[in-house]
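K.L.:
Residue strings, one per chain:
4 protein chains.
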Amino acid sequence: MKVGIIGATGYGGLELIRFLYTHKEVEKVELFTSSEEGALFSSKFPHLVDLYNQPLQKIDYDVLSQFDVVFASTPSGVSSNLFPPLLDRGPKLIDLSGDFRLKNLASYEKWYKKTPAPQEVVDASVYGLTEWNEKAIQEAKLIANPGCYPTAVLLSLLPLIKEKCIDPSFLVIDAKSGISGAGNKPSQTTHYSEANESFSIYKINEHQHIPEIEQAISMFAGVETNISFNTHLVPMTRGILATSYAKVQPGITQEHLTNCLKETYKNHPFVRVIENASSVGTNRVKGSNYCDVFAKLDERTGRVTVVGVIDNLVKGAAGQAIQNMNVQMNLPQTTGLQVVPLFM
Amino acid sequence: MKVGIIGATGYGGLELIRFLYTHKEVEKVELFTSSEEGALFSSKFPHLVDLYNQPLQKIDYDVLSQFDVVFASTPSGVSSNLFPPLLDRGPKLIDLSGDFRLKNLASYEKWYKKTPAPQEVVDASVYGLTEWNEKAIQEAKLIANPGCYPTAVLLSLLPLIKEKCIDPSFLVIDAKSGISGAGNKPSQTTHYSEANESFSIYKINEHQHIPEIEQAISMFAGVETNISFNTHLVPMTRGILATSYAKVQPGITQEHLTNCLKETYKNHPFVRVIENASSVGTNRVKGSNYCDVFAKLDERTGRVTVVGVIDNLVKGAAGQAIQNMNVQMNLPQTTGLQVVPLFM
Amino acid sequence: MKVGIIGATGYGGLELIRFLYTHKEVEKVELFTSSEEGALFSSKFPHLVDLYNQPLQKIDYDVLSQFDVVFASTPSGVSSNLFPPLLDRGPKLIDLSGDFRLKNLASYEKWYKKTPAPQEVVDASVYGLTEWNEKAIQEAKLIANPGCYPTAVLLSLLPLIKEKCIDPSFLVIDAKSGISGAGNKPSQTTHYSEANESFSIYKINEHQHIPEIEQAISMFAGVETNISFNTHLVPMTRGILATSYAKVQPGITQEHLTNCLKETYKNHPFVRVIENASSVGTNRVKGSNYCDVFAKLDERTGRVTVVGVIDNLVKGAAGQAIQNMNVQMNLPQTTGLQVVPLFM
Amino acid sequence: MKVGIIGATGYGGLELIRFLYTHKEVEKVELFTSSEEGALFSSKFPHLVDLYNQPLQKIDYDVLSQFDVVFASTPSGVSSNLFPPLLDRGPKLIDLSGDFRLKNLASYEKWYKKTPAPQEVVDASVYGLTEWNEKAIQEAKLIANPGCYPTAVLLSLLPLIKEKCIDPSFLVIDAKSGISGAGNKPSQTTHYSEANESFSIYKINEHQHIPEIEQAISMFAGVETNISFNTHLVPMTRGILATSYAKVQPGITQEHLTNCLKETYKNHPFVRVIENASSVGTNRVKGSNYCDVFAKLDERTGRVTVVGVIDNLVKGAAGQAIQNMNVQMNLPQTTGLQVVPLFM
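Residue numbers (our numbering), protein chains in the order written: chain A, 1 to 344; chain B, 1 to 344; chain C, 1 to 344; chain D, 1 to 344.
Looking at chain A on its own, in the form it has when it is part of the complex:
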């Protein structure tokens, strides 16, 4: 397989490179750019000069159409323009940005404040939450790879909503992310001396992943709901942990909750149902494609705490994208992704 990456100098792109270079079915990885034509990849990442010692290539559809798979790991508002002309030219397309995730274009405009992709291309795209959409992904020409937060939230909550274990009418989701989620562009917020040793809240009730999560709850669990969703910045590089709260439905026990998760994911190698509460932390998945999910009933209040944990750059971005590529190419999902978490 021959794989192209547009936007290779971002963190999502860098993680794609990291995994693809040890993916045994990938022969060649070429790097493209929509904005830095002629720049040397190795001028940004001199320690990777042995992996790729060429200028980033400019986007040429005739060239790209020769590839088996093309990933776009670009800021929102870029692939909505870049990908449509490639749609029927051959390669499987996998977009790591939010440009094709929201089926409702007005919603995209509202939350992203950008011009949406054409409706027919958005309609043709498939939401790449692998464990919940495998069939559609197999057939997809264009995959909208899920956002980092939605991945952690949906994998942990969807089984419980779908199986009516919890009341979806008052869902509170409190999400926390390492700072790599903000990308590689320096800013005051990500300036070391101000981000270090501080925990903060951001985009209060305004995160663009809100409509994505609500759309997926509707799509996969058949439930319409408005969630409360806030995001926080953790002084660490990698990792997302999302803590959700809801009432349980009458009669639901701890056993129901755990079994519901276990049953849902019994054939899914990358979702681990955690029963040992002391193991619910981002270091347990660091560097890997795992999503750890956990649910604990609070009998005192009749509410449940649901937790989803991922490495935001892997299962929340590049790892899930490669998992989707594997599904598209009829490879085992784990190909190239079977790594033990770093832990420390």
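Just to be clear, a hint being listed does not mean it is correct.
BS3-like, lysine-lysine: derived pairs with alpha carbons at most 30 angstroms apart [to be verified]: (1) B/Lys203 with B/Lys247; (2) C/Lys24 with B/Lys24; (3) A/Lys185 with C/Lys203; (4) C/Lys266 with A/Lys185; (5) B/Lys2 with C/Lys24; (6) D/Lys28 with A/Lys24; (7) B/Lys135 with B/Lys262; (8) A/Lys44 with C/Lys185; (9) B/Lys110 with D/Lys44; (10) C/Lys2 with B/Lys24; (11) A/Lys203 with B/Lys164; (12) D/Lys262 with A/Lys28; (13) A/Lys135 with A/Lys92; (14) A/Lys44 with C/Lys113; (15) B/Lys203 with D/Lys44; (16) D/Lys113 with D/Lys92; (17) A/Lys262 with D/Lys28; (18) A/Lys203 with B/Lys247; (19) A/Lys110 with B/Lys203; (20) C/Lys203 with D/Lys247; (21) C/Lys203 with D/Lys266; (22) C/Lys44 with A/Lys185; (23) C/Lys247 with D/Lys164; (24) B/Lys296 with A/Lys114; (25) A/Lys185 with C/Lys114; (26) D/Lys247 with A/Lys266; (27) D/Lys203 with C/Lys262; (28) B/Lys28 with C/Lys262; (29) A/Lys44 with D/Lys262; (30) B/Lys113 with A/Lys247; (31) A/Lys266 with D/Lys266; (32) C/Lys203 with D/Lys262; (33) A/Lys247 with B/Lys162; (34) D/Lys44 with A/Lys262; (35) D/Lys28 with B/Lys185.
No wet-lab data here; the hints were simulated from the structure. These numbers were taken from a predicted model, which means no experiment stands behind them.
Go by the hints and put chains B, C and D onto chain A.
P.N.:
Frame of chain A; chains B, C and D shown alone:
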């Protein structure tokens, strides 16, 4: 004033020392121990040898009764025994542990799994949430200094509950703390290589600060409620940020929420009502006695996000304890506590 | 006293503000800017809105001449222009940049790659290494406050060089700094995700503090030498630790080394001679104006390890600047600076 | 291949597991313990329950003799007893501790303060600095895997000493390590709140890696010298950077230095000669088996700065051990170790 500290080698004790040494009304600070008799304070903290170059003193009630104020900064289960004999011997007593906070002894036993202090001593103690209990604190012989989490949670939520801005029947409180909250005793959880670069959840629905928060909501806002409350470990040393979620009452606007907070705290120098969302982070209060509070209405869901931010070791422990001492001694609350946050 | 700060939005300026607001002889602190006229101080630091709720003032020499002291905490190349017209207008001037430190203008040009200040102004300035230059500082109109690295290096090495304990002909100084030393301007180097969890070397043999250290060794110890000096970035916010290596002179013992340090600093409250090796770390001075110095003879090699430890933003910048102001104003050196290190 | 690990619950053991599980020639990995018999591996590392869901096995030489390779990743003083009886029983033995590194038993006793292994077993062992000892490693029954610091120091310095580019008579080596080097056992030094945000020096002139480095300089470069060597703790989990200083020999230029390194390592996939100074940092090798080496001449002083950078847990421990196993088993050195550094 002559001040004694029992448990000076813990982090709470160390912060008491840090502030008391620049408190202009304190002439003398003496250090006592309930468990390390004869140990040199400076063998644990050699960089503070100039401050206190003596062995920790053993507890002697005749000696302690000569002090104006005695702080206990000991693990739970210690001051419940140590303080009762001192109650009427002269010094003002301020306990930083949880031993005198819960009026219901059965509740103490359930959540702390320790033998409670005598009921009459607990009854005589005053809950030291300074901004909400100043009158009682002025008269108190024994102050139960609030827990770190309750301080951040209560200062942000109490005004909105009391003034009926929010519906207290479904309160979700998602709290995050730096690792110094776990104290100075090494463990696997606080081992650098396992705590660093990881965000984790702990004591799920089981934290002993749950009954303390519920009791204070009842006491100060007149509302009985069962909260959802979870705690998380942030890979940083200092700081607590608590994010709470509730429905607003019909007709409540953003302006009501902000005004309610402002009105409540207009004469309270250590509580700052934040309106600039980008300023809601733990580095904004680091090293200081401030509590920053913030409320934002989500019109889409009719729910509010309420945030309280403190330095867990200062407003969440030693700083509030000294603030209470100032109230007891008829000093301005800010004496010895007027420091600018470190920020970086 | 009325104090002005030019460059208040940098970290040096912010630390000046932090200490000056609790300095009992300072009545008023006003903030000036050379480049951000009209900007609100509180738009950068919303959490300090209560301290200073005005626009930064533009530089007006008639206004500034009314102040007792004016600090400049600006990038190099700024105060060389701003300060000369103020030299005889009244206020004591204290410059935290490198603009007046090097007496040899050609050396300034070579290492700073900027136009130097006028020779006569540089000649009139006094190098503000407080413990070594107190007399001259008392009389000075313009103080060149030492660099962060030189402070840690010189305070630890100067006594041993001056007293001929060590051979100065082959001096190796390996210095490490927290990232706040890079200032408040975002860059790829200080971008959290790339600075965090990484230790790196920078400005190899090229740091502009090299000529400053060599000049001070000549000035205070009467020795001309070329040092090896390298700097490293530590993934933490505050702190400098400099490790130096040299041969000891024949017959020099551990006792000589320790006594030499103790004798030198016996009357200097901010330099602590450490004998307990386990106490040599940046957390021991965090947030304070202390410099910890330490020397250990290696009998096996006949060489000594000398260590100097400071908080780069305090003793390495704002703290020492205020210490110098105290000396100029005939106040006790410790006024406004008597804080206990944070430690954790 | 069937591989056994003794001491699997330490960080070295955990990294062995991480790499061996994706090593295509390794069929089976079994875990043994010398001190925790019966403990479940997954009780310590619940997130790895899918990898190894059994009790740690007790050491049984008949069982172990059936393995192709046995690693010991135990504290010093353990494998000196455990390995001798296995020496001629079949498996290749690879020891990650210091027990077989020092050929001089008196030196071992002096620096390690433990009873040494039998002289004949030490004599039979081969020092596993792969790039410098490949031939001997191929034939070895017992490999003494190098220490973490020596690996970074020797790979960067040996070429320059051996090729007489530098004067070895006054070698200063200033080494810095992430905290994972201290292992997985909690202590005050590694307690998060005291290690975080602090840079400290430790084992001043006393580190047990001193004789190992001196022995290897003698063995591989034929030079006897006494080094100055100090170690520092960096508030990060992984990584070692060692900065060395020496005079260059007359006539040696920057080109000589760089070429000497390049020539030495031209056929060695894991040592990268860095020419871009901005790429010298521990994040460039994080999680990988690379050692980055760098040398820069300071023409002003006639001295050179030499830097070696590794991930202490990989090239400094488990990675190099597997590299040595590959050599012993006639596999390409890179088998199982070809990973792209994590960088962020």
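K.L.:
Next, verify each hint and record whether it holds.
P.N.:
Checked hints:
1. At most 30 angstroms may separate the alpha-carbon atoms for a hinted pair to count; B/Lys203 and B/Lys247 meet this at roughly 26 angstroms.
2. Between C/Lys24 and B/Lys24 the CA atoms are separated by roughly 12 angstroms; this keeps the pair inside 30 angstroms, and the hint holds.
3. With a C-alpha separation of about 23 angstroms, the suggested pair A/Lys185 and C/Lys203 falls inside the 30 angstroms cut-off, and the hint holds.
4. Simply put, C/Lys266 and A/Lys185 have alpha-carbon atoms about 49 angstroms apart, too far for the 30 angstroms limit, and the pair is violated.
5. With a CA separation close to 23 angstroms, the supplied pair B/Lys2 and C/Lys24 stays within the 30 angstroms bound.
6. Between D/Lys28 and A/Lys24 the CA atoms are separated by roughly 21 angstroms; this keeps the pair inside 30 angstroms, and the hint holds.
7. For the given pair, B/Lys135 sits about 21 angstroms from B/Lys262 by alpha-carbon distance, which is consistent with the 30 angstroms threshold.
8. Restraint check for A/Lys44 and C/Lys185: satisfied, since their Cα atoms lie roughly 20 angstroms apart, inside the 30 angstroms limit.
9. Straight-line distance between C-alpha atoms of B/Lys110 and D/Lys44 comes to about 28 angstroms, which keeps the hinted pair within the 30 angstroms bound.
10. Only pairs whose Cα atoms come within 30 angstroms are accepted, and C/Lys2 paired with B/Lys24 is accepted, the gap being roughly 23 angstroms.
11. Only pairs whose Cα atoms come within 30 angstroms are accepted, and A/Lys203 paired with B/Lys164 is accepted, the gap being roughly 26 angstroms.
12. For the given pair, D/Lys262 sits about 27 angstroms from A/Lys28 by alpha-carbon distance, which is consistent with the 30 angstroms threshold.
13. With a C-alpha separation of about 15 angstroms, the suggested pair A/Lys135 and A/Lys92 falls inside the 30 angstroms cut-off, and the hint holds.
14. Our distance criterion of 30 angstroms between C-alpha atoms is met by A/Lys44 and C/Lys113, whose separation comes to about 26 angstroms.
15. Under the criterion of a C-alpha separation no larger than 30 angstroms, the hint pairing B/Lys203 with D/Lys44 is consistent with the structure, at around 18 angstroms.
16. Note on D/Lys113 and D/Lys92: the hinted pairing holds, with a Cα-Cα distance of about 27 angstroms set against a maximum of 30 angstroms.
17. The hinted pair formed by A/Lys262 and D/Lys28 meets the criterion: a straight-line CA distance of about 27 angstroms does not exceed 30 angstroms.
18. The suggested pairing of A/Lys203 with B/Lys247 holds, with an alpha-carbon distance near 19 angstroms, which does not exceed 30 angstroms.
19. Pair hint A/Lys110 plus B/Lys203 does not hold up; C-alpha atoms about 39 angstroms apart against a cutoff of 30 angstroms.
20. In summary, the hint linking C/Lys203 to D/Lys247 is supported, as the alpha carbons are separated by about 19 angstroms, within the 30 angstroms threshold.
21. This hinted pair checks out: C/Lys203 and D/Lys266 have alpha carbons roughly 27 angstroms apart, not beyond 30 angstroms.
22. Of the supplied pair hints, the one linking C/Lys44 and A/Lys185 holds, its CA atoms being roughly 20 angstroms apart against a limit of 30 angstroms.
23. Of the pairs offered as hints, the one joining C/Lys247 and D/Lys164 holds, with about 23 angstroms between alpha carbons and a cut-off of 30 angstroms not exceeded.
24. Only pairs whose Cα atoms come within 30 angstroms are accepted, and B/Lys296 paired with A/Lys114 is accepted, the gap being roughly 25 angstroms.
25. Annotation: proposed proximity of A/Lys185 to C/Lys114 holds, straight-line Cα distance about 29 angstroms (limit 30 angstroms).
26. Under the criterion of a C-alpha separation no larger than 30 angstroms, the hint pairing D/Lys247 with A/Lys266 is inconsistent with the structure, at around 63 angstroms.
27. Distance hint between D/Lys203 and C/Lys262 is fulfilled; the C-alpha atoms sit about 23 angstroms from each other, no more than 30 angstroms.
28. Annotation: proposed proximity of B/Lys28 to C/Lys262 holds, straight-line Cα distance about 27 angstroms (limit 30 angstroms).
29. Distance hint between A/Lys44 and D/Lys262 is fulfilled; the C-alpha atoms sit about 22 angstroms from each other, no more than 30 angstroms.
30. Straight-line distance between C-alpha atoms of B/Lys113 and A/Lys247 comes to about 28 angstroms, which keeps the hinted pair within the 30 angstroms bound.
31. At most 30 angstroms may separate the alpha-carbon atoms for a hinted pair to count; A/Lys266 and D/Lys266 exceed this at roughly 49 angstroms.
32. About 23 angstroms separates the Cα atoms of C/Lys203 and D/Lys262, which keeps this hinted pair within 30 angstroms; it holds.
33. Restraint check: the Cα-Cα separation between A/Lys247 and B/Lys162 comes to about 24 angstroms, which is no more than 30 angstroms; the hinted pair holds.
34. The hinted pair formed by D/Lys44 and A/Lys262 meets the criterion: a straight-line CA distance of about 22 angstroms does not exceed 30 angstroms.
35. Note on D/Lys28 and B/Lys185: the hinted pairing is violated, with a Cα-Cα distance of about 39 angstroms set against a maximum of 30 angstroms.
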